[in-house]
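Generate coordinates for the entire structure from the input sequences, incorporating the hints supplied.
There are 2 protein chains.
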Amino acid sequence: MALNIRIILIQTWHSGNIGAAARAMKNMGLSDLVLVNPVDFPSDEAYSRAGQATDVLDRARIVPSLVEAIDDCVLVVGTSARDRSIRLPAYTAEQCAEEAVTLQQQAPVAIIFGRERMGLHNDDIQQCHAQLNIDANPDYPVLNLSQAVQLVCYEVFKASQRQLQLPPVKDEYPLNEDLNRFYDHLAQTLDDIGFINTKAPGQALDHLKALYRRARPTAKELRLLRGVLSKAQEAAEKP
Amino acid sequence: MALNIRIILIQTWHSGNIGAAARAMKNMGLSDLVLVNPVDFPSDEAYSRAGQATDVLDRARIVPSLVEAIDDCVLVVGTSARDRSIRLPAYTAEQCAEEAVTLQQQAPVAIIFGRERMGLHNDDIQQCHAQLNIDANPDYPVLNLSQAVQLVCYEVFKASQRQLQLPPVKDEYPLNEDLNRFYDHLAQTLDDIGFINTKAPGQALDHLKALYRRARPTAKELRLLRGVLSKAQEAAEKP
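Sequences listed follow chains A and B, in order. This note's numbering numbers the first residue of the first sequence as 1 and each following residue consecutively. This note's numbering numbers the first residue of the second sequence as 1 and each following residue consecutively.
Derived by calculation from the structure, the hints in this document are not laboratory data. Possibly wrong hints are sitting among the right ones.
Stated by the list, open to error - Straight-line Cα separation of at most 20 Å, DMTMM-like style, residue types lysine to aspartate or glutamate; simulated pairs:
| id | chain 1 | residue 1 | chain 2 | residue 2 |
| --- | --- | --- | --- | --- |
| 1 | B | LYS158 | A | GLU94 |
| 2 | A | LYS209 | A | GLU177 |
| 3 | A | LYS158 | B | GLU98 |
| 4 | B | LYS158 | A | GLU98 |
As the list claims (entries may be wrong) - Which bits of chain B does chain A cover? Going by a derived footprint, with three or more residues having C-beta under 8 Å, they are:
| id | region |
| --- | --- |
| 5 | 129 to 140 |
| 6 | 143 to 157 |
| 7 | 208 to 219 |
Ideal Cβ placement from N, Cα and C applies to all residues, glycine included.
Set out below in structure tokens:
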């Protein structure tokens, strides 16, 4: 059973961490690694830290932006030690693993890890459906990157063992690109009804997007929401 | 609450692993590190990998034999990927953590990690009360030493937290009556824009209400949503 769960590393600085992450993934049965703008890869250091997981490095995909790494994903989770002003559902590693193992039956699930010192930027977080906070010592909660990958992959492995006998999910969820189309439609509609100006939207749109990300609409609910938007546009006579 | 749990590393070859293990320990609130015959310690590499856990390295105790590291312990667990001819009680990391957190109230608990390539020898295992097998991919179950330390310390941290209460929520949430007013406003707006007829609303409204219940809007977000509804009503010229 190969799990359809993707590990995404953003702008990794130390290539040794990429190798250690690949090993951590393979130790827990994962193999889909995507690197967004790695600073130094491929490299000998990455391969020397990968142990027997060099195949994971060989197949790692390098992309120039996060959106290209997640477009086909049904769930996108950002790992973060910090609270954010824009609220997202916050998972523990265990909860994230349960959800990921369930949803990966439909389409890839992405779990994102940020830069070594900076973590995820706010514009990364805004592309996530949920955030993952690893339980840790409040006096020193900042884990090494590959250690964080190890813990999350371990929880995924444990969750997959627990769920082996469970029935498959029934709800169908939209892909990330469908969600982005909905957000565009929402922005246009808010402009059409005079609630915001899309040229200078302020924060209202971000807050609404955060709310919908948190609600995680099913595909059916998303069609319903788009129907409401279309009707509001018609009512405003700007369909 | 400092846990009386000791991490013991036997004949570690790569001193970077010692530093990474110290950081993994501190990230999970542990600080008692004992090194049995380390090959290269203290070393710059250990300190550079330790992050802000250099205090754990400073206080690490170096001993010439395992027996000196465990003499005062109430429970001694050896981490091992392999089955042994000498049968010991076998814990998962979770079970080991539960047991360790319980027993450390009496006296130190030792969790032992073996050499990078060889793991624990049989004469090490024979000094243990139990063995710990980390759940992992059967095709490649051999974790990097510091990653194994990280997983075990993480389970210890989780076990120690399980009784603690959740932190209080800081966001202000609407009362149920405010939510009901929002739902009424939503229904009226959907009627005004021609999406539903409130006399015969069908299921669409129920589906939308379920979605918003799930999102659990804050009081601030609810005001935002009601602002959108008012603007849509104005656009439909039925404010």
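Consistency of the hints with the structure:
The hinted pair formed by LYS158/B and GLU94/A meets the criterion: a straight-line CA distance of about 11 Å does not exceed 20 Å. For the suggested pair LYS209/A and GLU177/A, the alpha carbons sit about 14 Å apart, so the restraint of at most 20 Å is met. For the suggested pair LYS158/A and GLU98/B, the alpha carbons sit about 17 Å apart, so the restraint of at most 20 Å is met. Among the hinted pairs, LYS158/B with GLU98/A is consistent with the structure: their alpha-carbon atoms are about 17 Å apart, no more than 20 Å.
Residue count for the region 129 to 140 of chain B with a Cβ under 8 Å from a Cβ of chain A: 6. That meets the three needed, and the coverage hint holds. Under a criterion of three residues with beta carbons nearer than 8 Å to beta carbons of chain A, the stated coverage of the region 143 to 157 of chain B is upheld, 8 such residues being counted. For the region 208 to 219 of chain B, the proposed coverage by chain A is satisfied: 8 residues have a C-beta within less than 8 Å of a C-beta in that chain, meeting the threshold of three.
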